[in-house]
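Each protein sequence line maps, in turn, to chains A and B.
Sequence positions in the first sequence follow the UniProt record's numbering and run 1 to 277.
Sequence positions in the second sequence follow the UniProt record's numbering and run 1 to 315.
Rather than coming from a laboratory, the hints here were simulated on the basis of the structure.
Take the hints with a grain of salt, since some may be wrong.
What the hints assert, rightly or not - Think about it this way: if two alpha-carbon atoms lie no more than 20 Å apart in a straight line, the pair counts; the simulated SDA-like pairs of lysine to any residue are:
{"id": "1", "chain 1": "A", "residue 1": "41", "chain 2": "A", "residue 2": "29"}
{"id": "2", "chain 1": "B", "residue 1": "70", "chain 2": "A", "residue 2": "18"}
{"id": "3", "chain 1": "B", "residue 1": "70", "chain 2": "A", "residue 2": "20"}
{"id": "4", "chain 1": "B", "residue 1": "70", "chain 2": "A", "residue 2": "270"}
{"id": "5", "chain 1": "B", "residue 1": "109", "chain 2": "A", "residue 2": "18"}
{"id": "6", "chain 1": "B", "residue 1": "70", "chain 2": "A", "residue 2": "273"}
{"id": "7", "chain 1": "B", "residue 1": "109", "chain 2": "A", "residue 2": "39"}
{"id": "8", "chain 1": "A", "residue 1": "41", "chain 2": "B", "residue 2": "128"}
{"id": "9", "chain 1": "B", "residue 1": "109", "chain 2": "A", "residue 2": "32"}
{"id": "10", "chain 1": "B", "residue 1": "31", "chain 2": "B", "residue 2": "6"}
{"id": "11", "chain 1": "A", "residue 1": "41", "chain 2": "B", "residue 2": "134"}
{"id": "12", "chain 1": "A", "residue 1": "41", "chain 2": "B", "residue 2": "95"}
{"id": "13", "chain 1": "B", "residue 1": "223", "chain 2": "B", "residue 2": "274"}
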Amino acid sequence: MSTQTIDTPVTSHHLPTAPLRLGLVQGVRHSLALAGRNVTKFVRSPISVVDVVLTPVISLLMFVYLFGGAIAGGDTDGYIQMIVPGVMVMAVFQASIGIGVSLTTDASTGVFDRFRSMPIGRSVPLVGAVLADVVRYVICLATLLILAYIMGYRIDTNPIAALAAVAFLVGFALSFAWMSVFLGMLVKTPTTVQGLMTIVVLPLTFASNVFVPTQTMPGWLQAWSSVNPVSLVADVSRGLLNGGDVAGPALGSLAWMAGMIVVFFPLAMRAYRRNNG
Amino acid sequence: MTNAITAEGLVKRYGDMTALAGVDLEVPAGKVIGVLGPNGAGKTTMVRILGTLLRPDAGRATVYGHDVVKDPVRVRRLIGLTGQYASVDETLTGTENLILLGRLLNLTKRQAKARAGELLERFELTEAATRPIATFSGGMRRRLDLAASLVGSPKVLYLDEPTTGLDPHTRNELWQVVRDLVAGGATVLLTTQYLEEADQLADRITVIDKGRVVAEGRPGELKRRIGGQILQVRPTLPSDIDAVAGILAELTGHTPQRDENTGVLSVPAADQLLVSALVRRLDGAAIAADELGLRLPSLDEVFLALTNVTERKVA
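If we strip away everything but chain A, and leave its shape as in the complex, we get (with noise of 0.2 Å):
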C-alpha cells in the first residue's frame, strides 16, 4: 500500500496516454506551501500556544517541586539534571497528539475536498501538516529549556549536541505524529481523537525512564520501561545533553521511529483517502 500515494497506472485502451502522476519535488514543494498555512493558523490560534507551551510548563514544574523532592529524597538540583531531558520527551510526544486533532477539524470543513480536488500529490496534506508541527515541537523544546535555566537546569554537554537533542527529538514526534493523523483520519470527532491519543501517551510516559529510575519497578515493568521508545528517546536526550551513551538508545530509537512511520503513514493515507469515500 505504500507504494500507492497516487492511485496505480491501468493501461486501457480508452486512453491514448498513461494516467498522469506527479513528481517528487512537485509534492515537496507543495507540502511546504501547506506547511506554510499551518505555521500561520497555528500562529493565529491561541490555544494551541496553551497546548505547546503551558502543560510542558506545569509538568516541569509539578515535577521538579511537587514529586523531585520526594523521588529524589530532597536532592532537587540533581533531580532537576536527571528529569529535563526526560520531560522534553514527554512534552514534545505530548505535543504530537495535537495534530490528529487538526486534521480531524480540517477534514470535517470543506478544505479537504479542495485539496483532493486539486492536482497535487495524495499525501501533501497530510505531510505539509505534519511538517508544520516542527514549528510547534520547536517552540515547545525551547521554552522548556529556558525554564529549567531559570530553574538551575544546565547542558552538561556542548551546544551542538544540545541542537542535536532538539533535533532528535523533533524526529521522535514527526514519526510518532502518524499514529495521530492516523486517528485523525479515521475518527470524526477531535475530543474523541484527543481523548484515544491520551490513552496511548500517558502508559508509554509513565512506564518509561522518565521520572524514576527503573530499579524501583517490579521486573515486568523494567522489562517494558527498556524497550519503550519514550525510555529510550529519554536515554538519548540525557546523553546529548548530560552526557553519556547515545549510540545504543539511539539505535533502538529510530527503529521505533521507523517502525512508526512504516506501519502508521500507509494506514492514515489509506484513511485518509476513505475518508469520503
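We have chain A; now place chain B onto it with these hints.
Just chain B, lined up with the frame of chain A:
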C-alpha cells in the same frame, strides 16, 4: 461537438441506500448544464464522482476524455469545484487562501499574488482581502469559495448548489459570474433545487430524483411538459368549495387538487385568460374568494409532472 463531461451508468451505493442508480450525462464543451433535483436526489454524489472525490461503484465518467477514476490527476487539472460548504480556511485571510491555492497549482509567488488580487477584485472582495474568513458574511464566503475554484482557470467548473441560502442580490451576482465564465469558454455543471436558477443559467437541464434521471432537455421543453403556471383559488365559504371545483374543471378540463386543511383548490393553467374567465364565473355565481391568483409550479409539482408519481411525500 466535443463533450466536456460524459457519464455512463454511474452507480453509487452507501450500504442499503442507493445514491445514484445509473446516471447518464453528456455535457458539450462551453455549455451550462443544470442538474435539478430535491434534497437527497443524488446531485452532490454525482458532482463528487465527476470531481474525483468519490469512486463510483459502477459506470464510467470522463472529463475531456480523461477517466475520473483511472486518470484523476489529469481530470483535476481541468476542473474547479465549489461545494455546498465553503471550502476555504477560516483562520486565513482571503488573499492568503487564494495565494496558497495558486502555489499548489504551481504558480510562482508573484503569479499567485497577482492572480489572488485579480480574483478578489472581480468578486468585489478587495476590501475584505486582509481579513480572516471567519469575519466574512455568508455571501462573501460563497464568493471567495467560487474565486478559490477559479484560481487555476478551470475549463470545467462544478457548482454544487452555489446559491442555496444566499440573498437575491448575491444570487444575481453569482449568476452573472457564471454567465461571464461561460462567455469565456468554460463548461459549467450546476446543481440546484431551484427551477428558476436552472432556467436562468442552463442550456440544458437534467432532472434527477432518487438517483435517476427523470427528465432531460432544454429549459423551454421541460417547462412545456410541466404545463406552465398554476391557478389557485380559496373560496371564502368552505361550503362553496364543490361549486368552485366544478367551475374550475369546466374551464380547464382538469380536476383541481384540493387541500382540505387550507381549503385551497389548484389546477394547471395553460391559458393566461383563465383568471378573468374564472372571476366572471365566480361573480355570476355570487361566490366570494379570499385568494385567487396564478403562481409558478413548486419543485414538488414539477416532479409530480415529470415523474407521474401520484403519491409523493412533500419533503
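Verification of the hints:
{"no.": "1", "hint": "A:41 x A:29", "result": "holds (19 Å)"}
{"no.": "2", "hint": "B:70 x A:18", "result": "holds (9 Å)"}
{"no.": "3", "hint": "B:70 x A:20", "result": "holds (9 Å)"}
{"no.": "4", "hint": "B:70 x A:270", "result": "holds (18 Å)"}
{"no.": "5", "hint": "B:109 x A:18", "result": "violated (31 Å)"}
{"no.": "6", "hint": "B:70 x A:273", "result": "holds (15 Å)"}
{"no.": "7", "hint": "B:109 x A:39", "result": "holds (18 Å)"}
{"no.": "8", "hint": "A:41 x B:128", "result": "holds (18 Å)"}
{"no.": "9", "hint": "B:109 x A:32", "result": "holds (13 Å)"}
{"no.": "10", "hint": "B:31 x B:6", "result": "holds (13 Å)"}
{"no.": "11", "hint": "A:41 x B:134", "result": "holds (12 Å)"}
{"no.": "12", "hint": "A:41 x B:95", "result": "holds (14 Å)"}
{"no.": "13", "hint": "B:223 x B:274", "result": "holds (19 Å)"}
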